[in-house]
Amino acid sequence: MNLSRPKKVALCRLLRGLPSYKEPDGEAALRRDFRWRAPVWSIFWCHVLYGSPIFDRYTHVAWQHLANERVLTRDEAIITVPGHWGLYDQYKEWFTTELTRLLVEDEHRTLDRALFIYGKRLMGGKSPIPS
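For the sequence shown, position 8 (counting from the first letter as 1) is numbered 300 according to the numbering used here, and the numbering increases by one without interruption.
Derived from the structure by calculation, the hints contain no laboratory data. Remember, predicted model here, so these are calculated numbers, not experimental data. Don't take each hint at face value.
To be verified - Simulated pairs of lysine-lysine, DSBU-like, Cα-Cα distance not exceeding 30 Å:
no.	residue 1	residue 2
1	Lys-300	Lys-314
2	Lys-412	Lys-384
3	Lys-384	Lys-299
4	Lys-300	Lys-412
Said to hold, decoys possible - Now the in silico label distances, taken between C-beta atoms and shown as ranges:
no.	residue 1	residue 2	range
5	Asn-294	Arg-362	32 to 40 Å
6	Glu-390	Ser-296	33 to 41 Å
7	Leu-310	Glu-361	15 to 23 Å
8	Asn-294	Arg-393	39 to 47 Å
9	His-339	Glu-315	37 to 45 Å
10	Ile-370	Arg-324	16 to 24 Å
11	Ser-296	Arg-393	38 to 46 Å
Heads up, the beta-carbon is just placed ideally off N, CA and C, and yes, glycines get one too.
Please work from the sequences and hints to get the whole structure.
Here it is, written out as structure tokens:
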């Protein structure tokens, strides 16, 4: 895979820190090391390492629309540092509440996929709900 220089730097940092990220307080170490870099990648790594929800621009758009009836522009949907962890924590809280409300313990991946597709369609200007 051909990665850009910033992505290579972020990936190398992840690999160097991986042993500490697997420790009991690993998520705190990951968040600390990626406070100022790779906002989407670091959240994705959090998902992979700790089973937390996926959060990217598409799920961000879907969440804002469903939770706040707010339609984000493409620029507003971009997840940036250093506020990505705080934004992610808000999303996780909402996601957990919605998941609990669904009362289906193992459906979180379905909700991940649904929010991703919903947000992607909102960004494309198409109606997210078929007629």
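C-beta pair Asn-294, Arg-393: status relative to the range 39 to 47 Å that was hinted: holds (42 Å)
Hint check for Glu-361 and Leu-310 - Cβ pair distance inside 15 to 23 Å: With Cβ atoms ~40 Å apart, the hint is violated.
Holds or violated: Lys-384 to Lys-299, with C-alpha atoms at most 30 Å apart: holds (25 Å)
Distance restraint hint 16 to 24 Å, applied to the beta-carbon atoms of Ile-370 and Arg-324: holds (23 Å)
Range hint 38 to 46 Å (beta carbons of Ser-296 and Arg-393) holds or violated: Holds: the Cβ-Cβ distance is about 39 Å, inside 38 to 46 Å.
Range hint compliance [Cβ, Asn-294 to Arg-362, 32 to 40 Å]: For Arg-362 against Asn-294, whose Cβ atoms are near 36 Å apart, the range 32 to 40 Å holds.
Glu-315 and His-339 - C-beta distance against the hinted 37 to 45 Å: Cβ of His-339 to Cβ of Glu-315: about 18 Å, so the range 37 to 45 Å is violated.
Pair hint outcome, Lys-300 versus Lys-412 [Cα-Cα no greater than 30 Å]: holds (26 Å)
Holds or violated: Lys-300 to Lys-314, with C-alpha atoms at most 30 Å apart: Distance ~21 Å between Lys-300 and Lys-314 Cα, so the pair holds.
Satisfaction of hint between Lys-384 and Lys-412, Cα-Cα up to 30 Å: holds (19 Å)
Hint check for Ser-296 and Glu-390 - Cβ pair distance inside 33 to 41 Å: About 34 Å separates the Cβ atoms of Glu-390 and Ser-296, which means 33 to 41 Å holds.
Checked against the numbered hints given earlier, this structure breaks hints 7 and 9; the rest are met.
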